[in-house]
Each structure stands twice: as structure tokens, then as C-alpha cells.
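Residue-level listing of the chains:
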Amino acid sequence: MTRLGGENRLSFSLETLGAWLLGLLWLAPLLYAVWTAFHPGEYATNFVLTAPLTLQNFVAAWNAAPFATYFVNTMVLVSFILIGQLVLSTLAAFAFARFAFSGRDLLFYLVLIQLMITPDVLAVENYRTMYALGLVDTITAIGLPYIASAFGIFLLRQTFKTVPRELEDAARVEGCGTLGVLWRVYVPLARPTYIAYGLVSVSFHWNNFLWPLIITNSVSTRPLTVGLSVFSSTDQGIDWSVITAATLMTSAPLLVGFLLFQRQFVQSFMRAGIR
Amino acid sequence: MNLAKILRTTAMAAAFAAMAGAAQAATELTFYYPIAVGGAVTKIIDGMTADFEKANPDIKIKPVYAGSYQDTITKIMTAVKGGDAPQLAVALSTDMFTLIDEDAIVPFDEMAKTDADKAWMKSFYPGFMANSQTPAKAGGMTTWGIPFQRSTIVLYWNKEMFKEAGLDPEVPPKTWAEMTAMATKLTKRDASGNVTQWGVQIPSSGFPYWLFQGLTTPNDAMLMNAAGTETYFDKPGVIEALQYWVDLSRKEKVHPPGIVEWGTTPKDFFEKKVAIIWTTTGNLTNVKDNAKFPFGVGMLPANKRLGSPTGGGNFYVFKKASPEQRAAALRFIEWMTSPERAAAWSIATGYVAVSPAAWETPAMKAYVKDFAAPLVARDQLQYAVAELSTHDNQRVTKALNDGLQAALTGAKSPADAMKDAQREADRILKDYR
Amino acid sequence: MLTGRRNAFLAWLLVLPASVLLVVFTHYPVIGTAWHSFMSTPRGRRPARFVGLENYQTMLADPIFWKAFYNNLIYAAGTIPLSVALALAMAVLVSSRIPGRGLLRMAYFTPTVLPMIAVANIWLFFYTPGYGLLDQFLALFGLGGTNWLGSPDTALWCVIVVSIWKEAGFFMIFYLAALQQIPPDLREAAAIEGSGRWYFFRRVTLPLLMPTTLFITINAVINAFRLVDHIFILTRGGPDNATSVLLFYIYEIGFKFWDEGLASAMTIVLLAVLAATAIAQFVFAEKRVHYQ
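Chains as they are written, first to last, in this note's numbering: chain A, 1 to 275; chain B, 1 to 433; chain C, 1 to 292.
So that you can see chain A by itself, here it is in the shape it has in the complex (with noise of 0.2 Å):
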């Protein structure tokens, strides 16, 4: 390695102080927001270091909107998308990995599409669609469109042509069948990518919110993005003591979630980026 000279040295510190600067930056709202929620509202915009804590913008962020009916129905909706997805993708990966058949390539390129073109994009669309399904104003029709994942498709395909041949053959030599090979060999060693894929699609999906806006209407189906937005602009204006409690209480698991598992978070995200 280089030995740092003068100059270097120099250089070096000013990198650290601006990416110290910029991660500050970067950290700000959330350090704004944590702030704010835990002081009296007189406090929310001078930032005294005598300031008195207190849960009080908790309690009147929960009482003032049906906060605990949102968390379960954004819980709801992760996981049928989640689970939907792994199963669609697992199923369409494999076929497309491991098999030949006519129509399989412009088929692959149908299905990449969608990476281009997001299901917000379609809302009109789609709105009308599932009008015409009967399920406006349902968490499956917040979550159908997505479903069906080209990324998670494009993901496990790749994954799985790593996987070596002489696994698969000794497979069936103990007497699997095509689809017993999938399960027993290929979904254990794409688990990786699936924990990958899923990170990526739970902080997707907690996070989406036009769709979710546009097709739901009520509190028994609306996920917490787009309570959160109701909640917020009321005609009485902003409180940001009680809004930036509401904005940690719904982002508390996936922000808890993300600083236990922080090293598995990004890593995730770095596999499911590698093409």
C-alpha cells in the first residue's frame, strides 16, 4: 500500500470531513424527525439541549388515526405480495433457467418489461381494470400488479443457472422428480438471493404509495404510507411533533429492522444489484 505524504494526508482528511459532512446531511431528517417526536412541541423547531423528553406525541399521534388498523394491513399486503412473489418467480425462474422451449426467449422479454415499465405508470389502467374486477378498494388490488415480478423472475433465473449440473443429476438419481430437483436443490441454494430479493420487496411495498393511494378509499384496506398522508393534511395544518412520531412509528420496523440487520440489509441489496 502507499505511504501517505503530506499532501495526501491533507487530501485525505478533507475526503473524511466531506463524506462526514455528507453523511450528516444524509442523516438529517431522521435525526430531525427522532428530535421532534421525543420533545414538546415548543421544541419541534428550536433545538435546546435542556428540552424535557417525552412519549406524549406517541400517545396523540396513535389516538388521532386508526394507526394500529394501518400496520396491520400494511403487514397484510408485504407479505401476500412477498409470498406471492417468491412463489411466481421461483416457479417462472425455473422454467425459464432450466429449460428449452419454443417462445422462451421473446417470452423472457416480455416478462422484462415490466422492469421498464412500473405498474404506477398504468394506474389509469389498472384502476379500470379492477374496477371491472370488483376489487377496488382491496389490499389484493393494491398488491396484484406486483405480484408477478420481472425483477424477481430476472433475479432467481440468474441465480439459478449458477447452480451446478452434477447436483441436480445426483438429485434425481435419488429418484426426484423435475419439480422435487427445484425444491430440494435449487430454492435452498438460491436462498441468498432470496433473503436479497425479499428486503428489496418488503421496503419496496411498505414504502409504495400512488397506487395504494389511488386504489384504496378506506381505513380497513389503506396501508400505512397512505395513512400517513390522510393523517397529515388535515385542514388544521401541521403539527410536526405528532407527525414525525407518526413518521417513526410507521417506519420503525423496517428502520429497526434495518439498523440490527444493517450488514444483511445492504449486502442484500448489493446481490440483488449484481447482474
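The hints are simulated quantities; they were obtained by calculation from the structure and are not laboratory data.
Keep in mind that the hints are not guaranteed to be accurate.
Claimed, not checked - Covered stretches of chain B, as calculated for chain A (at least 3 residues, CB under 8 Å):
1. 62-68
2. 72-82
3. 262-271
4. 286-294
Glycine included, each C-beta is placed from N, C-alpha and C at the ideal position.
Dock chains B and C against the given chain A, drawing on the hints supplied.
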């Protein structure tokens, strides 16, 4: 009007109906309602419907919290198109034309059969009825909505700042000229010329048209006709009113420049960044709880006359409802808007009680004895006009909002902005004329 | 590879569920949008009818559509290069030997896991004139309050900044992954030859990262036409449509005015933009990125 008598008759009618209905199965009603104010409104509504059911065992009400006003009308429209409309809903008074165009709602005149019903329909402030009626073909007015959670615009001022500026802390501006003069005294600048305290601010994000009506009405200008087919955005009185608003910031420099965010305006007031704000009466409780200084609540200043628009939500009954359900819905609405209920609702939420009788109830009298501010809203009602509402309402409103924002940010002159808005409104409304 | 008639049948069976959903919610809507863009919007008892290019004529005559289109181009031009460049800088910084790089990596990545709709409320506070964080900070330097979101000159840029903040950390991850794949012996070889860090970065790292850059750029382009959540909280498209972008305007037309015909015509424009992006990717990526 002998109110006690009406009440007695209503109560008796209800009692008879209850007895008659007890034998049959209960009539069920689905009731959509929005929440546009903070606090535990859901619990209040649930409590009120439970009380109603106790008094009327033959009627079952299923209240459904539908979200914001926007959510509620969306939910209603979706349900209507799918043939699954509720029997009863609270939605914006300005959604009236949308609901009429969709052929979704029943006029109350059709449902009000007894004299008591008819008297009840006349028991509300005319200012609130303006947004609830359209001219009938046979003359007179058709009533489509009954006022429930209604509000109006008032001004709030910081008494401390008035004192500091050498103004009488108990006297708000009464006219436009006074408001400009006071705001000039109330605007403070630091050594380098940066403003540290603004004289006045009128929010202009989200729904600037509503606040703008607080200027056009005192200038004796109307924005639309009662049939909702014409707008008058480019009339001189309207342009003058906009010129006044624009001048406050661009010429007098006593009002923050650009678009003022509705949501942060109360906070600006609490943070002592501004001495006078315009906002809804729905903010009374909020200001009372959070202002750390003495404040006053006043009517909007006059120019040619006094005036302010009303706002908020009305009860609607849907065509989908069967005759029994319509009768039950009427009974429920009469109950919800009875003086005692209206008073309790107003005290709990900060909305303006909808009928003069509500202000005469003991509960309301006791409430305003300690806190006189709501009376200002009441007294302003006699000068109040309908909130802007036309056919294809959201689009026409957007045309005006865009024009207002263009003028306030200096992109267009007030005259040009209003001419453009009128042209767009004419284009949209030509199909309805 | 599994071949043969039985396997082909099985393969089709395996792809069937995903294909059906993709057809219903991706392929059909594209065609349906095109079809409905030629139809009028049903109102009350008036059913939809074929109106030819009328919706397109209305769209082209609508100044707000052009404004939203133009805004969207600026939004794209503002977010894409900056978020990609920042992402690269972040990746390089946290993969160097900087103190506390684990914490830094977390800081950069945090916006990715926070809901945009929630953080937009916090950014709204940052931008509030007078006592907002940004103005409080600038006041230290004697600068007066600025109405960041309420002025058409600054509002769109404020929206752009929030998008960059949200995206850069996400894109950083892809660069991090790519940087890890650069063989360490390359760097050693360069060090022996005595080439400087910057030279090495420019001549070796950057070219090796080209496929990643392309991939990220494509994603950034898609997001520039897709990411509108924060606009709902920050400005609602105002002042005077200064921050209205295509998808946001489509939302207003389609779901506030319920004018599905016009909204479909505008969606076609959006789809055309995305298709152009796809073609551009195909052309540029010819040799570098392979889906196979």
C-alpha cells in the same frame, strides 16, 4: 319561529315512528363520513350514532370513516358507479354538483313531508344553505344537502405584537386600508433588511380560491352563479381583490412573498413570525391550545361590505336508499343537526354550529362565556356566501387556483391571470350551459 | 437444459401464473391505455364513444401538460446526473479506508428504507421559510428567509434535492457491489507502476464501472418519471404547476377530474418516454450488459 314547538313535534314524530318501526326489522343505513380536523373525531361520531340508535331502536347506523374529504368523494363516486352507494354521507358542500351530475343524490324537499321537517330545513343559517341548494326549474330552490361540519374564514391576531407596534391590542383591522396600515406597522426588519416578523399572511397553497373568496366577497364580487354553470373570474371586482392580495406582498411588502403554505400558517403564528393570519374557524382549538400569547379572533376586514365564504361538509342522502331508508336517514340527520347535538358537535370539534337555535342551548352559552371567539364566526355568518362550486368543480377550481398562484408569484399580472382562468373555466363549463 | 415435448409443457405450466398476471397488469394495460386514449370519458349516463385524436388535441392544447412535460425534463436532468455522481462518490468513499465507514454507509443508505411520503413531511419543515432548518442555518450567515417551496424559481429544485437524497444511497449500493468485483491485483499493479489514485480511478475504475453506471442511469431515468410521492406533500404540484410532472398531472386528470380519456392520452406520452429509454439502453448496452 317557535322552535320549542318544532322540536317537540319532531321528537313526537320520532317517537311514533320508533313505536311503529319497533314491530318491523330495523332499517339499516351505511353512513360515510370524512375527518378534516385533528383529534378523536371517529370516537365522537361513533358515540353520537350509538346515542341515536338507543333513542331509535328501529334504525341501525353503520358509520364508515372514509378518510379525507377527497377520499370520501372518491369512495362515494366509486360506490355509486358500482351500484353500491351508501344511503347517507357527509361530503364537501362543494361536491354537490358532482353528485347531482352523477344523478346520485335525492333532494331533501322530496323527503321532507311534514311541516316539522319543512321547518327544520329552514332552521339553518342561510349562509350555510347557499352551498346546499340549486335553483329549481319550477322556481324556488332545491335543497340537496344539510349543513353539518361547516366552517368559515376568520382572522387571528397576536395581541402582544399589536401592543409592541403601538396598536390597540383589542382592535383588529376592520377594513382593507386598516389591515394594510396595521400590517405595515407590524412588519419588522433587521439591520440588513431581512424581515423577522410579517404583518399579515393569507395562505395560498392547496385551496387558495377559498381564501381568495375572503377578499372577493368583501369587494362585493361573486365568483359563480347559483346554478354552477358560470364563473366571473375576470370581472373588475375580482381582479381588484386579487390586486389587493398581490400588493400586500409585492408592493407593501407586509405579507410573505410567493405561495404561503396553508399547513404551516398556524405554526408561523405560534412561532411569532407573523402578527395576523387568515385561516379556518376549524383552527380555533388548535390556536387556543398552542399559542403562547394572548390572541384575538376577528371578522375578515371589509372593503365595500363585510363577508367571507363558508366551507366544510354537508349531509347527503343517496338515490339508492329505499323509501324506508330515506325516512330513517332523514330522521338521523334531523337528530344529528338538532340544536343540542349541533352545539355538542361544535364544542367538540371547533366547527361552527349550524343553526341559530344551537347557539341558544345552555351548553353552547356556557362554552362561549369562557371563550368568546366562536361568536365571531357566528356573527360573520350573516355576511357569508357560498364556497366556489360549479359543475366539474375540481377542474374549474384548479383553473382559478393556478391563476391565483401565478399572480401571487408574479408570473402574471392579476388581470391576465384572471382572464386566463376565466377562459379555461368557460371551456370546461360550456358543456353544462 | 430440459428439452422435449413433456418438459416444454411443464415449462409453460411453470411460467403460466406469472405470465397471466403480467399480461393482465402490464401488457394489456399498455394496449388498453392506447385504446382508451381514443375514447371519450363516460359521464353520468353518457357512455364512452370513439373520438379519434380529440384527447390528444386537448392534451397538446393544454399549457399545463406542456409545463408538466418541461418540468419533468428538468426534474430528470436535475436528478439523474447528480444522484448517479453522488452515488459513485459515496461508494468510493465508503470503500476506502475512511474512519467510521460502516456508520457512513448506513447514513447514506438510510433514506432508502424510509417511506418517501413520511420524510417529505420532514423536508417540508426544512424548507419552511423563516424558522425552517434551512433558513435557520442560512440565518447564521446573515441570509434572510426564503420561501423555498412557495416560489416557482426554487420549488422544483427543492423537489429535486429530496429525490437525490432519496436515491443516491440506493444507487451507491450497486456501485459498492461493482467496486468489490474489481480485482485487487489491478490496484496493486497500478501502485507499482506509480500511477496516482485519481489517474487509476479515471483510467481503470471508471471504465470498469461503465455497465453499472448504465444500469443505474436507466433506473434513474425510470425513477425521474415515476417518483412523485413527495410532490403530494411538499407542493401538490404548485405554485402554479411549477412542480407538476407528468405522472403527477396524470394522477390529477385521472383521479381528481376523472377524465380517463385525457389521462390515457398522457399515459401514452409517458410510455413513449419509457420506451425510448428502453431502446436507448438496448443500443448503448449492446456489448456491455447481457441479460442472458
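Evaluation of the provided hints:
{"no.": "1", "hint": "62-68", "verdict": "holds (count 5)"}
{"no.": "2", "hint": "72-82", "verdict": "holds (count 6)"}
{"no.": "3", "hint": "262-271", "verdict": "holds (count 7)"}
{"no.": "4", "hint": "286-294", "verdict": "holds (count 3)"}
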